[in-house]
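Undergrad: Chain residues, written in single-letter form:
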Amino acid sequence: MALRGNLRDFTITQLLNLINLANKTGTLVVQGPSETAEVTFREGKLAYAQISQEDSSLAYVLHKAKKLSTYQYKSIQQHGSKISDKELGLLLINAGYLTQEDILTNLQQHFTDIIQRLFTWVEGFFHFENDNRPPEERISVRLDLENLIIEGSRQMREWEQLQEEIPSLDMVLRFTDRPGTNLKNINLNVEEWRVVSFINPRNTIRQIASATKMNDLEIRRIIYGLLQAGLVETGRPAGVKPTAPSVRVFPTEDKEEQKSLINRLITRIRSL
Amino acid sequence: MQTVKMVVTGPFNAGKTAFIRSVSEIDVVSTERSVSSAVEKSVKDATTVAMDFGRITVDDDLVLYLFGTPGQRRFDFMWEILSEGMLGFIVMVDSTRPETFREARSILETFHAYAPTPYVVAANKQDMKDAWDIGDMRHVLRLDPKVKLLSCIATDQDSVKTILLELLYSILAEMENGEG
Chain A
1 MALRGNLRDF TITQLLNLIN LANKTGTLVV QGPSETAEVT FREGKLAYAQ
51 ISQEDSSLAY VLHKAKKLST YQYKSIQQHG SKISDKELGL LLINAGYLTQ
101 EDILTNLQQH FTDIIQRLFT WVEGFFHFEN DNRPPEERIS VRLDLENLII
151 EGSRQMREWE QLQEEIPSLD MVLRFTDRPG TNLKNINLNV EEWRVVSFIN
201 PRNTIRQIAS ATKMNDLEIR RIIYGLLQAG LVETGRPAGV KPTAPSVRVF
251 PTEDKEEQKS LINRLITRIR SL
Chain B
273 MQTVKMVVTG PFNAGKTAFI RSVSEIDVVS TERSVSSAVE KSVKDATTVA
323 MDFGRITVDD DLVLYLFGTP GQRRFDFMWE ILSEGMLGFI VMVDSTRPET
373 FREARSILET FHAYAPTPYV VAANKQDMKD AWDIGDMRHV LRLDPKVKLL
423 SCIATDQDSV KTILLELLYS ILAEMENGEG
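Line by line, the protein sequences give chains A and B. The opening residue of the first sequence carries number 1 in the working numbering; numbering runs sequentially from there. The opening residue of the second sequence carries number 273 in the working numbering; numbering runs sequentially from there.
Simulated from the structure, these hints should not be mistaken for laboratory data. Do not rely on the hints blindly, as some may be mistaken.
Claimed, not checked - To give a feel for the contact side, a few chain B residues facing chain A, derived at Cβ under 7 Å: (1) L334; (2) V335; (3) P370; (4) D402; (5) L444.
Unchecked claim - If you anchor each label on the Cβ, the simulated ranges turn out as follows: (6) D416/B with S271/A: 24 to 34 Å; (7) R270/A with L415/B: 48 to 58 Å; (8) K418/B with S84/A: 21 to 31 Å; (9) K401/B with Q228/A: 41 to 51 Å; (10) Q274/B with N203/A: 40 to 50 Å; (11) R117/A with Q429/B: 44 to 54 Å; (12) Q31/A with I406/B: 46 to 56 Å.
Predicted model only: the values in this text are computed from it and were never measured. We put the CB at the ideal spot given by N, CA and C, even for glycine.
Chain A extracted, bound-state conformation:
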């Protein structure tokens, strides 16, 4: 079934986690704003990755890692265009120029670099093509995703911490009543001033974000700074009442009668 969506809703880290947990085999195609990435997995492990319009040949990878000189790289490009990566790898190993470990390590680093780039993509669409394999002529690896997920998680941590500090954008902001605080003496940047200009017990954070054309992350960053500086405090929007005392779930306090009631419900639903 479909595994497709938008990076705004699912981060690369979440997708890697899903692929890892579900031991998926196939290719994750991510269409970013200006380029497309194809990352292939085998049984939940990274096998291959490439960015469209970029050279992903073994020769390029080894040149980038300074294992091949520019002259050697160009020479391979000119004369060895019909040689597959697997053949090139064997030639280099047999010639004693590189070891198998050298080749695999550099490919793993190259694929990891691509994933690191993907972590910075926040806009774009993705879909997963089940059972798709890496291109036949390329060398694939078998890299556990856990470390990559941890790295991606670090980058997500800021976002999550901000969400924790400011869980709801439906709260309003008020200036704290602190004698001696003079807003004019505080150094705020342009974005912060824009937010401050909308602070009012009638405006929710969400409304301020909309008015200042900021996304959730941007508004949270600014408000977090203002909260930490003690300039503002959050509150419920005007007119929203505090939680009412809970009411009874069952019409009876007797446990046996409660169970009987549930069993009567079950019988009735079954009979529909």
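Given chain A, put chain B in place with the hints provided.
TA: Frame of chain A, contents of chain B only:
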């Protein structure tokens, strides 16, 4: 006459109104208004703004009410009111709209905070070709293995019955565990 209630919640256009309609013995009292947001308008024209209300008479002495929450987030001030005194709740998720999964998770957490009653998650529209696999949905919704995530077609009465029964079984199990 004794009354009990269950709440059907979930993001905009998850299928809450259809779910209640499938089993209610009365025409669902639905408070629908034109959708204001352009993005949401592209999905459907009208949405529930206050609540849906359905009824199942059990016997002469007992009635089950089903309340559907408003789908749009700006009406979430109603959620707390609707969650008061519920036996349990059902979180509807549109399996074909992954962009709503995060909101579904957030709604689930909000309702669970309001009232820690049993709940089940219904993966609606599983009959559609774009529907996400149940296993994948469990991962992205970050559901504990103990939480029931059930395949659902809100327009199909048998499917809706299964969801309601699973919730009732969970309620019964919790009552029995509570005694143990």
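Undergrad: Of all the hints numbered above, which does this structure not satisfy? Sort the numbers upward.
TA: Result: hints 2, 7, 8 and 12 break, sorted rising.
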